[in-house]
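Starting from the known structure of chain U, arrange chain G on it as the hints suggest.
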Amino acid sequence: MKKKSIMHSIAAAPHIFWAALFIILPLIIVIFYAFTDAEGNFSFENILGLSEYGNIFLLSIELSVIATFICLLVGYPLAYIIAKADAKKQKFFIMLLMLPMWTNLLIRTYSIMAILDDGGFLNNLLNTELHIIGTKGAVIFGMVYDFLPYMVLPIYTCISKIPKNMWEAASDLGCSPIRVLTKVIFPLSMSGVISGVTMVFVPSISTFYISQKLGGGTFELIGDTIERQFVSSALNTGAAISFVMMILILISISVMNKFSDPDDGGIII
Amino acid sequence: MSKLIELKGITKSFDGECVLNSINLYIRDGEFITLLGPSGCGKTTTLRIIGGFETADEGELYFDGHEISDVPPHKRQVNTVFQKYALFPHLNVYENIAFPLRMKKFSEEDIKTRVTDMLKMVALVGFENKSVSTLSGGQQQRVAIARALVSHPKVLLLDEPLGALDLKLRKDMQNELKTIQKAIGITFIYVTHDQEEALSMSDTVVVMADGEIQQIGTPTDIYNEPKNAFVADFIGESNIVDGIMLEDKRVRMSGHTFTCVDGGYAKNEPVDVVVRPEDVDVVKPEDGMLTGIVTNVTFKGVHYEIIVDIGGFKWMIQSTDYVAPDEKIGLFIEPDAIHIMKKSKYSGMFGDYSSFSDEIDQLSDADTAEEF
Numbered sequence: 001m002k003k004k005s006i007m008h009s010i011a012a013a014p015h016i017f018w019a020a021l022f023i024i025l026p027l028i029i030v031i032f033y034a035f036t037d038a039e040g041n042f043s044f045e046n047i048l049g050l051s052e053y054g055n056i057f058l059l060s061i062e063l064s065v066i067a068t069f070i071c072l073l074v075g076y077p078l079a080y081i082i083a084k085a086d087a088k089k090q091k092f093f094i095m096l097l098m099l100p101m102w103t104n105l106l107i108r109t110y111s112i113m114a115i116l117d118d119g120g121f122l123n124n125l126l127n128t129e130l131h132i133i134g135t136k137g138a139v140i141f142g143m144v145y146d147f148l149p150y151m152v153l154p155i156y157t158c159i160s161k162i163p164k165n166m167w168e169a170a171s172d173l174g175c176s177p178i179r180v181l182t183k184v185i186f187p188l189s190m191s192g193v194i195s196g197v198t199m200v201f202v203p204s205i206s207t208f209y210i211s212q213k214l215g216g217g218t219f220e221l222i223g224d225t226i227e228r229q230f231v232s233s234a235l236n237t238g239a240a241i242s243f244v245m246m247i248l249i250l251i252s253i254s255v256m257n258k259f260s261d262p263d264d265g266g267i268i269i
Numbered sequence: 001m002s003k004l005i006e007l008k009g010i011t012k013s014f015d016g017e018c019v020l021n022s023i024n025l026y027i028r029d030g031e032f033i034t035l036l037g038p039s040g041c042g043k044t045t046t047l048r049i050i051g052g053f054e055t056a057d058e059g060e061l062y063f064d065g066h067e068i069s070d071v072p073p074h075k076r077q078v079n080t081v082f083q084k085y086a087l088f089p090h091l092n093v094y095e096n097i098a099f100p101l102r103m104k105k106f107s108e109e110d111i112k113t114r115v116t117d118m119l120k121m122v123a124l125v126g127f128e129n130k131s132v133s134t135l136s137g138g139q140q141q142r143v144a145i146a147r148a149l150v151s152h153p154k155v156l157l158l159d160e161p162l163g164a165l166d167l168k169l170r171k172d173m174q175n176e177l178k179t180i181q182k183a184i185g186i187t188f189i190y191v192t193h194d195q196e197e198a199l200s201m202s203d204t205v206v207v208m209a210d211g212e213i214q215q216i217g218t219p220t221d222i223y224n225e226p227k228n229a230f231v232a233d234f235i236g237e238s239n240i241v242d243g244i245m246l247e248d249k250r251v252r253m254s255g256h257t258f259t260c261v262d263g264g265y266a267k268n269e270p271v272d273v274v275v276r277p278e279d280v281d282v283v284k285p286e287d288g289m290l291t292g293i294v295t296n297v298t299f300k301g302v303h304y305e306i307i308v309d310i311g312g313f314k315w316m317i318q319s320t321d322y323v324a325p326d327e328k329i330g331l332f333i334e335p336d337a338i339h340i341m342k343k344s345k346y347s348g349m350f351g352d353y354s355s356f357s358d359e360i361d362q363l364s365d366a367d368t369a370e371e372f
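As given, the protein sequences belong to chains U and G, one line each in that order.
All letters in the first sequence, in the order written, are residues 1 to 269 by our numbering.
All letters in the second sequence, in the order written, are residues 1 to 372 by our numbering.
So that you can see chain G by itself, here it is in the shape it has in the complex:
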């Protein structure tokens, strides 16, 4: 797969505030790539620069080998599915989808063939003459996708397209988008703050924070080998503990020396150690590598979410076995469940569950959803 889009040193500020700090990224032809990050991380701005709605202050943007920073949006071979769909209320479903073809002066016959194909693809046959304002959110979304794809762009940009849909519909649309992308084989650049969405749909995930790219990789890489504390915390749940690398494959944390599989660090180098909650086994206190007191247990359906106090640091453990609060338990961790990361500016900011609350997480999610 060849490089279709390349961003070199893209920098952008709004009102003196740096939103993107020298972004370098290339996107291959035909891949499903997701820009993932919390609100304000610069993911949407990156997408808007590719779409042509913003111009970078510095840096170069290549499309198929050509610099396109000065090319206006209507001349780019890139179409966008907007967050709130942006369907034209004065046109019906058929005319909305036909719109880009009319702008390109297609014949009436070609328009009919292509629009009908699109309607079939998004399962909206029979909706041609409906007014877009009478459609449900999911249906509007399909029209938006059909309208963006009908003129066969080389790249489809999707700006949190599922943000306004309810959970069930989101899941269905995720599958549908992935199916569409595979069927037509063009590049999708997808922006979301939902890590689960990113992991389940993408070929490549780009994790962004504070206007910088934190990590680029496949979903498995990003989950299993996070580069720093930010990525480890943002993708899934993580216990991030201060540790010292005694030598290759031996790390000391929480008063115990563990065997791990990572190496290549200096002797006695301070590191961040990541342990995923599902990789910790609960054992009897005397069999544990670490021991702690259970402070909180929440039933989550598939498993229990257990918060354990180990020497003042609170770990999260997911286990299918019930343990009672205030019980003393032992923790057993396999070597390959331990992931070592270099210290970064995000060290110490994440990964301790002392102030953890699901409600707070959900509240802040709702905030970000409304903000955009």
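Chain U extracted, bound-state conformation:
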């Protein structure tokens, strides 16, 4: 037995090393910078000074909550339809869903810009002068477009894993097709919904390029602020904002996990 455990630690060593170097260490560095001033002395100044970014935090939360909600609204029915299709069609639909992900996120965002721009493809096509880029709507649209697959895939996986006899039992015990969905299938796919919501909400709230490109410079979200701090070498402020963001995300994920089935355990935490 002892020999085996030595083998185990040898096998685990590279992973532990990797995790320490690229996950734990950066975290420590972020926390270190967040709680020190430019001279390296311990200080709460950075954290306390964050109140001036309050509005940016609120806006980021507002936009990402709306985007997550829309993703759920669009994504759940889509995942449901795909999961109920026959096996061949399922593969095809999933491929269609994944197809945009083969293109880099940044390039996709640029393409949306080209389409929605004032003199862009859409306005040319419709022969209109719609002003879309630079509105909240454009940023939300970008988030939904970029992150929708992350909502659909976990929900789809979850629904397709629900045994066929659950549907039949529900229907047998008096559920109309709508009630089969609301009383049995939706509750049983809750863990998929939770991970979908997490996987859309987290990148949405921390995004910076979507707001930069589709916000047309009129918006600053928290991701932009962090980026700006680091670019202008304000490492301590940047680290402090990142730290608070992490705490916020941590809190929202643990709140969401409260709603998920305790048997499944948390998806992320």
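What the hints contain is simulated information worked out from the structure, not anything from laboratory work.
Backbone N, C-alpha and C fix where the C-beta goes; we use that ideal spot for every residue, glycine too.
Incorrect hints may have been included.
What the hints assert, rightly or not - Capping the alpha-carbon separation at 25 angstroms, the derived lysine-lysine pairs in PhoX-like fashion look like this:
1) U:K84 to G:K75
2) G:K75 to U:K164
3) G:K130 to U:K258
4) G:K168 to G:K75
5) G:K84 to U:K84
6) G:K84 to U:K161
Said to hold, decoys possible - Not the full set, but computed from the structure, chain G residues with beta-carbon under 7 angstroms of chain U:
7) F99
8) M103
9) P270
Using the frame of chain U, we list chain G on its own:
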């Protein structure tokens, strides 16, 4: 007892393969009927058509005199106990049983009364707030039965409900199901591949094979008067020997002319003759109607299982007296132990114990159990 459910010419194919071939069957109000057959015989499909989960390609399905082929499952007065119970994991025991009542918008008081009654019936009082995933297989099964019965359906469909339980528990649950059925007096339609289960529980047994009904009858009829070689072999152990009906009550097989009790066949008509292993008496060779050499003896507890070679055909005999392998013995068969059947497409396929092995039987049983 009046006809509650009637199937007329029900035919069903999956991917061009015929699973049910023109099934005609009626089920009386309040009876315990079992669809029995090997895997792939169409018994589960028949049940699913009655439950509304499959639609027949052809034929009519009547419930209480009304055609119900187009009625969706949630509007049928039929509930199902599924093979793997299909309890809702997001609901506790109480809510699982209350589920059908909530769908029918019962008042909270009525729900409480009915669920409590059900919990008493299946002996699960005190389990109300437990999560169904913490229950044992037998307990889950009881919850499934309670949930299916709580809304007082007219018919309960049971799809191999005891398949996942161990032998001891199976026996207990068999008795319990029979008791429940007698107590509430509704129709049970039970699907199983276990012939013993079918014989011990049912009022009526429907033996199915290859998408067709082979025989319908009471358990005693099915055992004592099997209609063809398939039924004789599937229900219990049988020696099925080629014979010729010389005249009424006289049949010739294995080189000896026997007196029997059956008649109504043409003169010299070839028939299948069934002799159950427990109906054969072992006697001295000179007293026997047939003589043979013992090839194998297995101790089974209650009796010995003896394989005897009679002119190249191997018979199985169950006897409480020990005989030694390679011994020459005589066989004595009473007239009423001989059952004559018309030749069918199953003739010659069953009833010879030359390749008999208990292990193989058990292996194939395990296969079918896993398949569903």
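Results for each hint:
1. U:K84 to G:K75: Between U:K84 and G:K75 the Cα gap is close to 22 angstroms, so the pair holds against 25 angstroms.
2. G:K75 to U:K164: Holds, because 19 angstroms separates the two Cα atoms, which is no more than 25 angstroms.
3. G:K130 to U:K258: Given pair G:K130, U:K258 holds - Cα atoms ~19 angstroms apart, limit 25 angstroms.
4. G:K168 to G:K75: Given pair G:K168, G:K75 is violated - Cα atoms ~37 angstroms apart, limit 25 angstroms.
5. G:K84 to U:K84: Holds. G:K84 to U:K84 sits at ~21 angstroms (cutoff 25 angstroms).
6. G:K84 to U:K161: holds (15 angstroms)
7. F99: Cβ of G:F99 sits 6 angstroms from chain U, so the hint holds.
8. M103: holds (4 angstroms)
9. P270: Status violated, d = 47 angstroms.
In this structure, the earlier hints numbered 4, 9 are contradicted, and the remaining ones agree with it.
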